[in-house]
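S.K.: Protein chains in written order, with the working numbering: chain S, 1 to 353; chain H, 1 to 353.
Hints in this document: simulated from the structure, not taken from any laboratory.
A portion of the hints provided could be inaccurate.
Repeated chains share a single entry, so a pair holds when one copy, or any two copies, can fit it.
Mimicking BS3-like on lysine-lysine, the simulated pairs with C-alpha atoms at most 30 Å apart in a straight line are [unchecked claim]:
#1 K38 / K85
#2 K283 / K21
#3 K341 / K160
#4 K289 / K166
#5 K300 / K70
#6 K148 / K333
#7 K53 / K20
2 protein chains.
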Amino acid sequence: MITKEQVLEALSYVEEPDLKKDLVTLNMIQNIVIEDQKVSFEVVLTTPACPLKDHIEHACRNAIAHFIDKNIAVDVHMTSRVLGKEGNQLLGIKNIILVSSGKGGVGKSTVAANLALSLHAKGAKTGLLDADIYGPSLPIMFGLEGEKPQSVQHEDGTVKIQPIEKFGIKLLSIGFFTDPNQPIPWRGPMATSAIKQLLNDTDWGDLDYLVIDMPPGTGDIHITVAQNYPIAGAVIVTTPQHVALADAIKGMGMFLMDSINIPLLGIVENMAYFTPAELPENKYYIFGKGGGTRLAEEYKIPFLGEIPLLKGISDAGDNGFPIAIDEEDPTTKAFIAIAEKVAQQLSIIQAVR
Amino acid sequence: MITKEQVLEALSYVEEPDLKKDLVTLNMIQNIVIEDQKVSFEVVLTTPACPLKDHIEHACRNAIAHFIDKNIAVDVHMTSRVLGKEGNQLLGIKNIILVSSGKGGVGKSTVAANLALSLHAKGAKTGLLDADIYGPSLPIMFGLEGEKPQSVQHEDGTVKIQPIEKFGIKLLSIGFFTDPNQPIPWRGPMATSAIKQLLNDTDWGDLDYLVIDMPPGTGDIHITVAQNYPIAGAVIVTTPQHVALADAIKGMGMFLMDSINIPLLGIVENMAYFTPAELPENKYYIFGKGGGTRLAEEYKIPFLGEIPLLKGISDAGDNGFPIAIDEEDPTTKAFIAIAEKVAQQLSIIQAVR
């Protein structure tokens with residue numbers, strides 16, 4: 001009969017590649033059960049979207065076989081407990097992720113929506129807040145035009161907005177509270193007070209990740225969100241265009257300012273190229289080539305992935321079905337990979353802290 | 001020997017098709033000179049970018065031939081004196097045109113730059129102000145990165161900024177005064193004070209048209225510009241995407257508000273379709289089809305034209321040579337046609353006033 005100590009000893013040879021420590025030191029091994037010729041245990045990852053999940057599971061099986069007995073049955077349960085940024089307890093949200101761009105129209109909302117859906121697809125409790133006050137696109141992208149979130153009075157007397165749930169994630173947008181055909185001619189103070197309400201006065205519940213789709217630029221909303229909430233990190237979206245990259249640099253610079261200091265999780269290059277159905281091998285780099293990769297190298301931050309310019313992506317957003325809910329779609333895989341890298345970066349940052 | 005009265009009588013049968021009155025009543029006929037068998041006169045149009053210029057010249061020749069003598073030589077000088085919106089005398093600018101979009105990244109800056117260049121190409125004195133505080137693109141688009149406008153002290157003691165002249169137009173951008181690698185984390189009041197300075201404290205000189213490239217949205221800059229300056233009209237830029245059209249509607253709604261009341265000159269649909277060089281007959285409607293036309297019909301405002309999604313347009317902007325300075329380019333013709341329609345709409349509005 002083997003012992004728990006033997007199991008822990010064996011698993012202490014398995015390193016978490018991102019965190020550079022072994023699973024036992026990281027306290028990731030839980031609920032070891034030994035019965036006859038079978039051992040079962042839980043590996044508690046720092047995120048359900050861990051891109052190394054299969055790799056770690058495989059390494060655990062190998063360690064048991066190598067250090068204890070290669071004929072023993074091994075039952076590994078891969079679970080997760082998402083690490084959170086300190087200070088978010090108030091909202092019950094472990095990680096607030098900003099999706100930002102500098103320049104508008106680069107596909108920020110598409111990336112934000114599909115990032116949130118991909119994190120959910122990997123098993124994380126996820127919310128999406130559309131903070132693009134002057135051009136909210138979440139209601140159209142999720143087919144929720146005309147929906148009105150309910151307000152519920154809690155036992156302590158406070159009234160909270162209930163986010164709308166669709167495709168498994170909690171959604172909120174300023175667009176739910178305004179007439180889509182009416183302009184929103186608001187100066188900064190009105191805009192920032194609206195965004196604070198959407199964050200503070202909403203029943204977000206417990207969330208592993210809240211993705212915020214930021215407006216373009218570096219104005220009032222950015223300053224307010226960055227200074228008033230504990231932001232876990234920011235994802236920068238750009239197209240390969242010189243003018244878009246120039247604005248992305250400005251946007252990144254804001255997060256890196258001493259008074260703001262928000263970690264950059266990486267760069268997504270959107271509208272990277274176009275491939276007509278009739279010429280599947282041709283890539284037309286309409287907006288230029290490789291600008292996102294170069295920017296990531298220059299700033300020494302991860303390049304999270306490139307998304308081609310596809311009619312399907314535009315259509316999907318326009319028709320209320322963001323790409324990442326259709327698992328058959330090849331683009332979904334690109335978004336899932338991006339979400340895994342984002343979750344990975346957050347885990348590394350939180351674990352080091 | 002024919003008389004001036006005969007010439008005026010004949011030309012009183014020529015109608016200005018847009019203004020629906022004859023050229024004599026409109027006081028457009030000037031400097032009639034009669035020598036032997038030759039008559040010469042000037043037709044003073046309301047804009048050098050009048051799309052009906054050739055039509056009107058032809059009608060004048062016909063009227064002289066028909067009502068006076070078909071053998072007489074006719075020398076017609078087509079000139080113009082641009083009508084201006086009242087209240088702009090202070091700035092010396094006859095018409096301030098806003099190029100706006102609601103959503104960012106739809107090609108607003110590309111349209112603004114090429115509209116200004118096309119108005120200049122037709123002979124108008126033109127300026128371009130980049131008011132996109134958080135993402136100025138004029139310095140890149142015109143190849144003026146790193147340029148610094150001079151300030152000049154006038155005799156009365158005031159110090160004025162000198163716009164930079166390139167390709168025949170006067171250019172100014174907040175981007176000339178900031179480090180391109182630094183963020184501009186400004187709340188509303190700082191942004192609006194910057195824009196007022198660029199308008200008030202600049203030696204614009206006499207301009208027929210000042211095109212302002214507005215930031216996306218309907219925030220502080222929009223409210224300030226709309227309420228403090230006599231704006232002649234606004235051009236709305238959109239892509240055919242549902243989410244872009246939704247934002248365009250919001251942007252249009254702002255201009256139509258009672259407290260703002262700025263005439264909508266029409267809609268430009270950008271990124272209408274993509275045509276690969278290998279398949280010149282194929283049009284890929286990546287962002288959907290015909291959304292701009294439908295929007296124009298719905299709001300009963302002119303559809304000014306569609307611009308295809310071309311690598312050349314993106315490259316041109318990135319390399320400091322906007323499309324409309326290359327008269328060989330077929331896209332230039334599309335921009336010239338848009339500029340003519342814009343000038344036409346302004347003339348109609350000013351003449352009716």
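S.K.: Indicate, hint by hint, whether the structure satisfies it.
M.R.: Here's how the hints hold up against the structure:
Taking the closest pair of Cα atoms, K38 and K85 never come within 30 Å of each other, the shortest separation being 37 Å inside a single copy and 87 Å across copies. For the identical chains of this complex, K283 and K21 are neighbours neither inside a copy (42 Å) nor across copies (54 Å), given an alpha-carbon limit of 30 Å. Within a single copy, K341 and K160 get their C-alpha atoms no closer than 33 Å, and across copies no closer than 51 Å, so neither meets the 30 Å cut-off. Only between protomers do K289 and K166 lie at most 30 Å apart by alpha-carbon distance; the minimum there is 28 Å, versus 36 Å within a single protomer.
When the C-alpha separation of K300 and K70 is checked against a cutoff of 30 Å, the pair qualifies neither within a copy, at 42 Å, nor between copies, at 78 Å. In the homo-oligomer, the alpha carbons of K148 and K333 never lie at most 30 Å apart, since the shortest distance is 32 Å inside one protomer and 46 Å across protomers. Taking identical chains as interchangeable, the C-alpha atoms of K53 and K20 lie at most 30 Å apart only when both belong to the same chain, with a minimum of 15 Å there against 74 Å between chains.
Going down the numbered hints, you'll see the structure goes against 1, 2, 3, 5, 6, while the others check out.
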